[in-house]
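Visitor: Following the hints, position chain B against chain A.
Heads up: the protein sequence lines correspond to chains A and B, in order. For the first sequence, the UniProt record's numbering gives the first residue as 1, with consecutive numbering after it. For the second sequence, the UniProt record's numbering gives the first residue as 1, with consecutive numbering after it.
By construction, these hints were calculated from the structure, which means they are not laboratory data. Hints are all accurate, no fakes.
Here chain B is said to cover these stretches of chain A; the calculated rule only asks that three of the stretch's residues, wherever they fall, bring their Cβ under 8 Å from a Cβ of chain B:
hint, stretch
1, 77 to 83
2, 303 to 310
3, 560 to 571
4, 618 to 627
5, 679 to 692
6, 751 to 760
Listed next, the in silico DSS-like pairs over lysine-lysine satisfying Cα-Cα at most 30 Å (straight line):
hint, chain 1, residue 1, chain 2, residue 2
7, A, Lys622, B, Lys324
8, A, Lys622, B, Lys97
9, B, Lys282, B, Lys88
10, A, Lys282, A, Lys236
11, A, Lys675, B, Lys675
12, B, Lys622, A, Lys74
13, A, Lys97, A, Lys83
14, B, Lys83, A, Lys622
15, B, Lys76, A, Lys622
16, B, Lys74, A, Lys324
17, B, Lys87, B, Lys76
18, B, Lys236, B, Lys402
19, A, Lys699, A, Lys76
20, B, Lys324, A, Lys775
21, B, Lys74, A, Lys622
22, A, Lys775, B, Lys83
23, A, Lys282, A, Lys324
24, B, Lys622, A, Lys89
25, B, Lys754, A, Lys754
26, A, Lys74, B, Lys74
27, A, Lys622, A, Lys76
28, B, Lys76, A, Lys775
29, A, Lys74, B, Lys754
30, A, Lys97, A, Lys324
31, B, Lys324, A, Lys74
32, A, Lys622, B, Lys282
33, B, Lys87, A, Lys622
34, B, Lys754, A, Lys282
35, B, Lys754, A, Lys76
36, B, Lys622, A, Lys324
37, B, Lys754, A, Lys83
38, B, Lys74, A, Lys754
39, A, Lys622, B, Lys622
40, A, Lys622, B, Lys88
Yeah, the Cβ is synthetic: ideal placement off N, Cα and C, and Gly gets one too.
There are 2 protein chains.
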Amino acid sequence: MEEDSADPYLPYDGGGDTIPLQELRGGGSNYAMSNGGGGAGASISTHLLDLLEEPIPGVGTYDDFHTIDWVREKCKDRERHRKINSKKKESAWEFTKSLYDAWSGWLVVTLTGLASGALAGVIDIVADWLNDLKEGVCLSAMWFNHEQCCWDSNETTFAERDKCPQWKTWAELILGQAEGPGSYIMNYFMFTFWALSFAFLAVSLVKVFAPYACGSGIPEIKTILSGFIIRGYLGKWTLMIKTITLVLAVASGLSLGKEGPLVHVACCCGNIFSYLFPKYSKNEAKKREVLSAASAAGVSVAFGAPIGGVLFSLEEVSYYFPLKTLWRSFFAALVAAFVLRSINPFGNSRLVLFYVEYHTPWYLFELFPFILLGVFGGLWGAFFIRANIAWCRRRKSTRFGKYPVLEVITVAAITAIVAFPNPYTRQNTSELIKELFTDCGPLESSQLCQYRSQMNGSQAYPAGSDAAAAPGVYSAMWQLSLALVFKIIMTIFTFGLKVPSGLFIPSMAIGAIAGRIVGIAVEQLAYYHHDWFLFREWCEVGADCITPGLYAMVGAAACLGGVTRMTVSLVVIVFELTGGLEYIVPLMAAVMTSKWVGDAFGREGIYEAHIRLNGYPFLDAKEEFTHTTLAREVMRPRRNDPPLAVLTQDDMTLAELQNIISQTSCNGFPVIVSKESQRLVGFALRRDITIAIENARRKQEGIMLNSWVYFTQHAPTLPADSPRPLKLRSILDMSPFTVTDHTPMEIVVDIFRKLGLRQCLVTHNGRLLGIITKKDILRHMAQMANQDPESIMFN
Amino acid sequence: MEEDSADPYLPYDGGGDTIPLQELRGGGSNYAMSNGGGGAGASISTHLLDLLEEPIPGVGTYDDFHTIDWVREKCKDRERHRKINSKKKESAWEFTKSLYDAWSGWLVVTLTGLASGALAGVIDIVADWLNDLKEGVCLSAMWFNHEQCCWDSNETTFAERDKCPQWKTWAELILGQAEGPGSYIMNYFMFTFWALSFAFLAVSLVKVFAPYACGSGIPEIKTILSGFIIRGYLGKWTLMIKTITLVLAVASGLSLGKEGPLVHVACCCGNIFSYLFPKYSKNEAKKREVLSAASAAGVSVAFGAPIGGVLFSLEEVSYYFPLKTLWRSFFAALVAAFVLRSINPFGNSRLVLFYVEYHTPWYLFELFPFILLGVFGGLWGAFFIRANIAWCRRRKSTRFGKYPVLEVITVAAITAIVAFPNPYTRQNTSELIKELFTDCGPLESSQLCQYRSQMNGSQAYPAGSDAAAAPGVYSAMWQLSLALVFKIIMTIFTFGLKVPSGLFIPSMAIGAIAGRIVGIAVEQLAYYHHDWFLFREWCEVGADCITPGLYAMVGAAACLGGVTRMTVSLVVIVFELTGGLEYIVPLMAAVMTSKWVGDAFGREGIYEAHIRLNGYPFLDAKEEFTHTTLAREVMRPRRNDPPLAVLTQDDMTLAELQNIISQTSCNGFPVIVSKESQRLVGFALRRDITIAIENARRKQEGIMLNSWVYFTQHAPTLPADSPRPLKLRSILDMSPFTVTDHTPMEIVVDIFRKLGLRQCLVTHNGRLLGIITKKDILRHMAQMANQDPESIMFN
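If we strip away everything but chain A, and leave its shape as in the complex, we get:
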C-alpha cells in the first residue's frame, strides 16, 4: 500500500460522514435523502465545488477567447436552480423570484423574437428606400420608396405602374429630362455616387465603431455556440452598428444579402436581453440556449420560414440543442415572424419578398434538369469556397488587407459601374430573385415574359400554344448570362469584406439565374419538340407543361446548398416559400445532388472553412473522426516534452505553486496524491488558482510564500513554526474527466463533442499520464487531415 494518510475516504463506507452535516445544511441546497431499499441510509451530498467556503468572486468565469466547460456550467445552473427551489417556500418574495426565474426563459425568447422581428422590418424598409434613392426621389414624400410613391398614382396599367409623376429620377430632377444619353449618364453617375457613399459610410462605421460587425457573423456564432467566448461580439455596439451598416451595405448594391447578418443581429438581441435575467447572463451554457433560439428567429425573419429557422438553428448553427431549446426556438421564430408580418415591409402581407405559388405539377422527366442544376450548385459551391478562402487568406496574410476602406470602395465602384447597364444586376438582388421565381402570367410586363402569346396581345399565356419565346426572352437570356458571370465573380470578392455581408441572397441569385435559363431552355425544347417521346405524354400542344420559375427556385436551393451544405433546413425553408408539398421532391433531388457533388471536392461548407481560416476552436459535430489513434498518442506531454506540470494535494508551498504557474502556460493543472504514486485527485484551473491566491492574500492574514497549500479536506500536520496554510479545496474540481491511454481517439472526440469538455486527463492503470485539451484534439485532427496544426490558435 502506498501513502494514503491524507485521504479521508475509507472505501465502502457509503460516504456519509466526511462532511460535517450542520455546515452543509447552511449551504441552502436541496438535500436529497435516499430512503429505504438503497442500503446507503440517509446520505448527504455535496457538490463539485466545496460549499463549505463562501464562493470566491471571479472563480468560474472565463477569459476572452477561451473555451467554456459545458459540464461545469450546467452543474452551476442546476445548483442555482436547487437554491431557488429550496428558498421558494420561505417568503412570498422568494416565491415571486422563483416564478420569475422559471418564466425568464420564455420571457427572454419572446423579447428576442419581438426585437428581431422589429429590427428585420426596419432594415427591410430602410434598405428598400435607400436602394431606390440610387435611382431617384419621391417628390410628394421624400421618405417613400419608388413603389409607395406610385401607389396613389393614377397610372394603373401594369406596364406603366412604375412610372408616375411624383417619382423623379435624378436626371429628371437635375437635368430636367427623362430620356436621352445625357440623362442616362446622369442616372449612371448618381447610381454610382450613392453606391459609393453607402459603401464608404458602411465600412467607416464598421472600422471606427464595431469591427465585429463585419461579415455574415455565422461562423463566429457557430463557434460561440459551440462554447467559445468572444467578448463584445454580440454586444450592443455590434448590434447598433451592424443594423445601420447592414442597411447601407445592402443599399450600396454590393453582391451581398442581409440574411446571415440578420442571424447575427438576432443573436445580439438575444445576448443583450439575456442580461436582464441572471439565469442566463451568469451562465455561459444557458446563454447559448437563448442564442440558439435567437438564431432561429433570425432565419425565420430572413426567409419568413419559422420551421426552417428552427431546423437551421438545429442543423447548422447550434451545438447543444436540448428539446426545451427546440420548443423555445420555435416560439421565438414564430414571434419574430409575426412581428415582421405586422410591420408588412413588402406590402404583400407575406413574410418574404419572393413568395410564390405554382399551379402546374412537375413531371418525372424533369428530375434530370433538376439534378443537373444540383450538379451546377455543387460545383459552384466547391468553386466558391475555394476561391473565396484563397482570397480571404491572401487578404489576411498580405499588406493588402490593411486597407479595408479602399478595398470596399473599389469593389463597390466596380459593382456599381458594371451593374448599372444590365437591368438584372441594377435592381435589388431580392427583387431579381422574386422576378426569376415568379411564373409568367398575363399581367407580367418583364422582358422574361415576352412570349409570342403576349406579343399577339392574347391574354392566354400560359396556354402553351404560343409559348414560343419572342425576342425579348432571348435578349433577357443573354443579359441573365452576363449577370450570372458578374454575380459569380463579384460574390467571391465581396464575401469577407469589412461590411456586413450575407451569402444567402447572392448564392440564391446565381442559382435562380442558372435555373431560369435552364427552365426556359427546357420549355422551348418542349415547345418545339412536343412530339418527342419524352414530352409526348404530358406536354401536348396547348398544355402548360414547364414552369421556368420552379427551375429558378430549384437552382437557388441547389446553389445555396452547395455553398452552405445545409440539407433539411434548406429544403424546409424553400418549402415554406412555396407552401406546396408537391415541390419538395425536385428540391430534395437538387439539394442532395448539390451536397454530394460539393462534398466530393471538400467536405467543408463555407462557414466551416471560415472558422478554420480564423483558427477558432470548433469541434464539428458533423465531421466523423475516422482515424485509429489512441489517446496516448495525442495527449501531452509528448515523447520529448518536459513532464506534465502537476500539483500535489498536500505537500507544496505557495512559492512552489506560484513557481509552477509562472513557468507554464497551460490553463489548468492536475492535482495528484503524491509525486511517487501519480494517482489523480482532481483538477484545478490556472485562472481559479490565481484568483484564489490573490483573494486569500487580500482577505486572509498570514499567507506567506512559505505557507503550505493543500487541496485535501483537512490541513496536513505541519511543523509548529510554519505560517498559516492555504486551503484551496474549493477551487478543486474533484470529478475531472479521465480516459485510459488505450482509449481510441474516436471515443475521446465523441466525449468532447457530446459533453462539451475543455480538457480530459489520461491515465494508465489508475496513474496520471497526461492531458488532452480541445486544442490538442483540433490540432491532431488538423494534422490527420494534412493541415497545419498551428492554425488552431485558441484554447
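Guide: Chain B alone, transformed into the frame defined by chain A:
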C-alpha cells in the same frame, strides 16, 4: 511504489512499441500516421479489442432484454468502415462492395419508405372496406366500400349521395326493408356482430401468432431506440400480424387509432430491410438509425406530415439522432408520403382524410377559448394517463389480465352497443374528426351545419346574418356531448388491450368534440351579442367571424398534447394538415397550455408512463436529474454489500474465474492490477468471458481448471509444471469509462445519456471503488422520485 512488473507500459514513451508492428499491419485497418510536428513519430495504433487474435464468434453480441453499449457499437462500425475503405482499392469487386456499403443507408431508408407507404395505403383501404361492412355490402362489387359503391350512382344531390341502390344495408339484404324498428334492430345486431367478430379475430391472431403485435408499440420502440434489445419485437411475424390485426381492430369500432401502430409497422419494415445490409444488421447502433428514419416514415404516412414525422422522430422517439439521420429520416418520410399519395386511399389526392383549409382569420380575443381548450387538453391528458395506468396495473397484477380475449370481446361489445345509436360514435373516428374539423359550407348536409341560413334555403352561409343555430345544431351538440363522455371512458379501457391500438385518433377525437362544442358556443355568443365590446370590432352582423372547425382542430391538438406531451412536432403535424402559417399561434397557445397543465399533474407522457409500467430501462433525455447525490452513493457495492467482484489481470486460475462468474450475477467485471493496489486495468463482460472460455476449451488444447488466466499483453511467468495459460486480452475493454466517487450524479446521468453507456466504474484517487450501471441509475432515480426501485427490471 507498488508492484507494477506485469505492466508493459512505461509512462511517457509516446506509446509506439508495445504492439508488434507487423502483426498489426495484417489486421487490415487503415493506420493513421501522425506526420511531423506532433512529436510522437510514426505511431501505430490498435483498437478497443485486441486485433492480434481472430475474433471469437459471439463476442460483441447481446442477450435478449439487455442494454447495448453505444460506444462499443459505434467503434465497431468505424472499424468496419475503415476495413472496407482500406480494401476498396484492391479490386473492382471490393470497390463495388464499398459503394454498396456507402449507399446502403439510402437504399434501406428508401425501401423502408416505400414499404411503409404501401402498407399504410393498404391498411387504409381495407380498414375502410371492413368498417363499411358493418353497415352493409355493395351488391355490384363486394370489394367496394360505401363511398366507392355509390360513385357511379345517379343520385347526385349531396343530401342523398350516401343512398344509392347498389349499396344495401344488412336490414335491406336480410329483411328486405330499409326502414322501421325491425330493420333498425337488424342493423344494430349486424353492426355488433361484425364488430365482435373483428375484435375476436384480432385478439386471437395476436395471442396465437405474435404477442408483441399488441398495443401502440411506441413505448417499446422508444426503449429499443434508446438501446435495448427485444428480440422479435420488430420481426416479420410481428409485422404481418400487426398489419392484419390493425385493420381488424380499427374496423371493429374500438376506440383506437392506427397512427401509433403504423409507426410500429414502419419500424418493422426498417428492421427487416436492414437485414439486407450487413452494415445495419450487424450493428445495433446503426440499426437504430434506420429505425429512427422508419418511425419518421410511420408518422409521415399516419398524418400526411413528412416534416412533422421527422420532428416526431427527433422529439419523441429517437435517442441518438445525428444529423445524417435527420436527412435520411426526412427522405424516408417523403418517400412514404409519396407512395401513399399515389395509392390515394382517401380519393382526395391528399395524404390525410382530414385535410382542411380555413379562410377566415382568427382574432386576438379567441386566444382565450383556445387557452381554455389547452387547459381541457392538459386535464384530460393527466386524467387519462393516471386512469389508464391504474387500469393497466390492475390488469397486470390481478387474475383479470389472464383473459385477454374475453376482455377485448367485452370492451368491443360495450363499444358497439353503446356506439350504434349515436351517429357521431357509430361512424369511423377519423371521419368524425374530419367532419368536426371541416367548416360548414353551403353543401354540408350534416346536422352540425343546420343553421338558420340553411333552413331558409339560402346558400349564403357562411354569411353570418343567419348564423343562428337551428335545432339540428342543438341536437348535434347534445349527441356530441354524449359521444365525448363515451369516448373518454372507452379510451381509458381500450388503450392497453391485447390488440394493436393507437392513441392519437381517440385523443384527437375527444379534443375535436370538445373544441367544436366550444367553437359553436362562442359562435352563438358572438351572434347574439355582436355588440359586446369583445365582438364589436370584428364580428359585425353579416361578417363571418368564428370558425368552429378551427376550434375543433385546436382542441384536438391540445388533447393529443396533453396525452403525449409532444410540442413542436405536434404543432408541425397539425400545421401540415392546414397548410397555413396563420393558425400556428392558436395551436401553439393551446399546446403550450396543455403541456403546462399536464406537467403540473405529472411530468410523464403516456408513453413514458407505459415504459415505467413495464420496467424497461429507459433513461429519458428530457427529464432533468436535479438531486445532489454523488456517484459513491449510487454505486455498488453499497455499505453492507459484499465487496465488488473483480478479476485480477494476471494471477487467477480458470477455476477461480469460473467460481467468480458462477457466484455472481452481474454482467461484467472490472479487471484490476492486483487486489492490493485496486488500480483499474479494464473491464470484461460476463457474456464475453463465458463465450471466450467455451471457445478456448473447444479450440485450444490443454486448457484446464488450473490454467492461469491473464489479461495482460504477455503471459505471466509461471511455474514449470503449470498447464497452458489462457489469454483473455482480446475481450478486455481497455478503455472503460470511469468517474471519481465525488462526481455529482447529474454529471454521471448526463454521461450515460449522451454517450449511451451500459456501465461506468467509480474510482477514488485512482483506485477502483465500485460500479454504476444503467439499472443502478434508473433505480436511484425511481427512489428519488419515491417510486419502487424494484420496478426497473432489466439491465
